[in-house]
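K.L.:
One letter stands for each residue in the lines below.
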Amino acid sequence: MSININRPCGTFDRNYFQAKEIYRTPLRKILLALLIIGMYLLPFLVGDYGISILTLICAFTIGMLGLQIITGYCGQISIGHAAFMGVGMYTVGILQRHFGLNFWVCLPLAGLVPMFIGMMFGLPALRMKGLYLAFATLAAHFVIVYVISNWRSVTNGTDGMWMKRPDVLLGIDFKSDRNYYLLVLTITIIMTYLATNLARSKLGRSFVAVRDNDIAAEVMGINIAYTKIMAFGIGCFFAGISGALGGAYYEYVNIEWFGLDDSIWYLGFLVVGGFGSIFGAIAGATVWKIMDEFSTLVTPLAEIFLGGAAFYASAAFALVFYSLIIIVFLVFEPRGIAHRWEMVKRSYRLHPFPY
Amino acid sequence: MEETIKSIVLGLCSGGIYALLAVSYVVIYKSTRVFPFSQAAVLIIGAYIMWYCLIAWHLPIWLGFIITCVGGAILGVFIERAFMRPLVGQPILAPIVVTLCLMLFLRGIGILMGKGDIQGFGESFLPVGAWKVGFLHLPKIQVYGFILCTVLIGALMLFYEKTRTGLGMRVVHEDHVVAQNLGINVKRIFQYSWIISCIIAVAAGMLLGNIQGVGLALDANGLIAIAAVLFGGLESFAGAIIAGLAIGILQMLTITYIAPLLPGETTMMIPFVFLLLILFIKPYGLFGLVRIERL
Amino acid sequence: MAEITRDITKKREQRYSYGLTLLRECIEKKRLMTNPNVKERKVLLRAEHISIAFGKLQALNNVMVEVKEGEILAIIGPNGAGKTCLLNVISGFYHAQQGDVYMEEKRITHLSSHKIAELGLCRTFQNIALYTGLSVTDNIIAGRHPHIGYNFVTGMIYFPWANKEEAYQRAIAEDIIDFLELEHVRGSVVGMLAYGLRKRVELGRALALEPRILLLDEPMAGMNLDEKEDMARFIIDINEFLKIPIVLIEHDMGVVMDIADRIVVLDFGNMIAEGVPEEIKGNPKVIAAYLGAG
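Residue numbers (our numbering), protein chains in the order written: chain A, 1 to 355; chain B, 1001 to 1295; chain C, 2001 to 2294.
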């Protein structure tokens, strides 16, 4: 939030503009610039495999930011996030296939269509307090999967659709993975910027107010129905864009990739990353994708361990292993990696004092 | 007309199992205010345990039944001790995420137990064949299953009414702080709620495994029971039972009348459309309680 | 919008450092000053024939309350008399079965709570309802919500519109913090503060809404004499400096008799007396309500 309790030593503010800066000291600004430049240079160092992981991390970061807005900032539980990613993917696929539209035109629509569909499903549940949004999004997941699987004329059913990468822009060809990664990175940085500003703006504050004490928020002039619907809508917007970018990377979309499991992993890894902070969302998405790669590497060993051609080992491994990690984090570090990182920074600043 | 009556009667039979599952959700929600999504996967585990008892180890039916129920109780104790109790004091989001991850964890365990295949029960433990009543063709499996569900729910209601522990549970349903001040051990009541709910879910899993085949697709029934819980009201047993029967009837009517009209697999989708309609029309359910919040 | 210069120290020297000046500028831009003649003051808020029942329990029964401009009105009565219930009905949180609430001759009975708050009817709560995860400054800025002037799209882009607006709102919040003497805790998360400080933050948040009328629900509960005097000083300063009427629910008779202009007495949902403090002191019905009849 705007008041940073854990501030680097020796900084003080001369005016209110400085008081709300996120990167206060010149050192922090330089480090941020170096980090961004480093992420742009990274694809030249790692091979194709590394680029694919990085692209997926960036795409899922956008989706995770959306879920952070819905659940971390506004306190509404959504179990349908993967379905809205699928809607975003299929929006781009349908618009490209049936209307032949440019990818650049499809991208904002890939955000807006899940936003409106999400608002439609969320509308009855957001009037009420409690777990009702979780049930509504659960229902939304099944309805969306059904509609996409069976509307064969438009979505090609369960066979999946082919998507095209973005067209040439400013002379850059996005057929190569590396250029596409740079595009996804740019869009991720823009979306992170928007999400950070949302968190410290008027609407973001009202999200946190609704999460903390929604009765008081209503009496203090905040329209909670509007706030909750906007939180859910903006979250689904982010999910749609995340889906569109991920789908264009694979150049193929299939609704089978978006099961209920993925929505639950979204929530779970958001917990691992940490609620209520942008860094938590990024950390959660990174951990998830690294776990994915890790499980692909480890699964052959598990198959040998379970004996024979245990084809089911990969499915079981992900289910058992990820849920154990999430539950361990919830029990021992409920505020996630972001909080642990804050503790590390604080112990470094306060050294040699313990607190 | 005949079709309709057939569908309704068959729907009542399968609705009994949905009612059982709905009751297992409501038991935990009333006590702990946490909605246990994991019960959808507990029934898979129950089906697999029963399969192991009957097919792998060739035990008689009654022994298999007892072992499955004991296994369900142990599972309930384990879940409550290991996963729920450390989360006391955290905001409501934490237990919900844990139950969701538990659902996937138990699914993974189910895959490992069953080696990934859908198994049949072989000769099912409930007698096959059907009775003919007039023009109705009642499969014996369904009827015996319905009777078993009635017995279990009746036993649960007796437990609530007659025993002291049941009385303690009813107090905890109302207010935790008041219950603690009255000397009721709230943690133990939570444990009992989880044990009862897991036993019920495991029994439902046995029956469903017999009817639908033991496999991972069973948790679809658990998710459909969530629609039943919302229809009946999140905090009401009577609502859960009536709504479970209603959802069963709805499923059968869907299969008879609506499924031929719509493409694809509608049996999963229609209860959830119904759920969204309920949220629009009567969001607190048939018998749900609207809690007035004071400032 | 007052000019926010990049160097705030210069601004400080120019300003009267008592606090609340920025807030008063905001409020006065939007309406006229109060009539200083006490007899001719208009009625600002009028609640007529309010009746509300919860099941069989009749919480309020045909209650009529009027609040004139610039006065401090105290609502007193034994526990369970329905005082908080009356405040809840006026601020739109409960819906009365019968009766109407008029603010400046406009009917506000069936508006939703947040619209009523935007119109200027702000309240505090008996059991404090603050946003426990935010700091004190953030709570007060959150109270400014209806009066912050950018939408969510410009908020996401942030520079330059939201940037300037956020700095301005911070200046107003600091005004209120100066007034309520909360400077030493302005960065602490509210959940960790003591009860008395939380009540002050609650008052600050209600002030931040630019109230036209302020409803305070037991602002001095659980405080010792020093803290009560501080709170009474704040209330009187708000009343005189911002010229807004204050409705006060209070149990401490000393405070009520000292600072209230008029008193309304409720008992079991009925209004049994109304008038200036001297009249209420000797009223036999009031004494019977507090001490029992006979």
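There could be a bad hint or two in this list.
[Stated by the list, open to error] Listed next, the in silico BS3-like pairs over lysine-lysine satisfying Cα-Cα at most 25 Å (straight line):
#  : chain 1 : residue 1 : chain 2 : residue 2
1  : C       : Lys2115   : A       : Lys20
2  : C       : Lys2106   : C       : Lys2164
3  : C       : Lys2106   : C       : Lys2228
4  : C       : Lys2042   : C       : Lys2115
5  : A       : Lys129    : C       : Lys2068
6  : C       : Lys2243   : C       : Lys2228
7  : B       : Lys1030   : B       : Lys1162
8  : C       : Lys2115   : C       : Lys2056
9  : B       : Lys1030   : B       : Lys1132
10 : A       : Lys129    : B       : Lys1282
11 : C       : Lys2228   : C       : Lys2115
12 : B       : Lys1162   : A       : Lys129
13 : C       : Lys2068   : C       : Lys2115
14 : C       : Lys2115   : A       : Lys29
15 : B       : Lys1030   : B       : Lys1282
[As the list claims (entries may be wrong)] To give a feel for the contact side, a few chain B residues facing chain A, derived at Cβ under 7 Å:
#  : residue
16 : Gly1108
17 : Pro1260
18 : Gly1264
Simulated from the structure, these hints should not be mistaken for lab results.
A virtual CB, placed ideally from N, CA and C, is assigned to each residue, including glycine.
K.L.:
Each hint needs a verdict: does it hold in this structure or not?
P.N.:
Structure-based check of each hint:
1. With a C-alpha separation of about 29 Å, the suggested pairing of Lys2115 of chain C with Lys20 of chain A is violated against the 25 Å cut-off.
2. Straight-line distance between C-alpha atoms of Lys2106 of chain C and Lys2164 of chain C comes to about 34 Å, which puts the hinted pair past the 25 Å bound.
3. A C-alpha spacing of about 35 Å is found between Lys2106 of chain C and Lys2228 of chain C, which places the hinted pair above 25 Å, so the restraint is violated.
4. At most 25 Å may separate the alpha-carbon atoms for a hinted pair to count; Lys2042 of chain C and Lys2115 of chain C meet this at roughly 23 Å.
5. A C-alpha spacing of about 37 Å is found between Lys129 of chain A and Lys2068 of chain C, which places the hinted pair above 25 Å, so the restraint is violated.
6. Of the supplied pair hints, the one linking Lys2243 of chain C and Lys2228 of chain C holds, its CA atoms being roughly 21 Å apart against a limit of 25 Å.
7. Of the pairs offered as hints, the one joining Lys1030 of chain B and Lys1162 of chain B holds, with about 19 Å between alpha carbons and a cut-off of 25 Å not exceeded.
8. A hinted pair counts as satisfied when its Cα atoms are at most 25 Å apart, and Lys2115 of chain C with Lys2056 of chain C does not qualify at roughly 30 Å.
9. Distance restraint check for Lys1030 of chain B and Lys1132 of chain B: the Cα-Cα separation of roughly 41 Å exceeds the 25 Å cut-off, and the hinted pair is therefore not satisfied.
10. Of the pairs offered as hints, the one joining Lys129 of chain A and Lys1282 of chain B holds, with about 14 Å between alpha carbons and a cut-off of 25 Å not exceeded.
11. This hinted pair does not check out: Lys2228 of chain C and Lys2115 of chain C have alpha carbons roughly 32 Å apart, beyond 25 Å.
12. Simply put, Lys1162 of chain B and Lys129 of chain A have alpha-carbon atoms about 34 Å apart, too far for the 25 Å limit, and the pair is violated.
13. Restraint check for Lys2068 of chain C and Lys2115 of chain C: satisfied, since their Cα atoms lie roughly 22 Å apart, inside the 25 Å limit.
14. About 42 Å separates the Cα atoms of Lys2115 of chain C and Lys29 of chain A, which puts this hinted pair outside 25 Å; it is violated.
15. Only pairs whose Cα atoms come within 25 Å are accepted, and Lys1030 of chain B paired with Lys1282 of chain B is accepted, the gap being roughly 20 Å.
16. Taking 7 Å as the C-beta contact cut-off toward chain A, the hint placing Gly1108 of chain B at the interface holds, the least distance being around 3 Å.
17. Proximity of Pro1260 of chain B to chain A is violated relative to the hint, the smallest CB-CB distance being about 14 Å (cut-off 7 Å).
18. The interface hint given for Gly1264 of chain B is met, as the beta carbon of that residue sits about 4 Å from the closest beta carbon of chain A, less than 7 Å.
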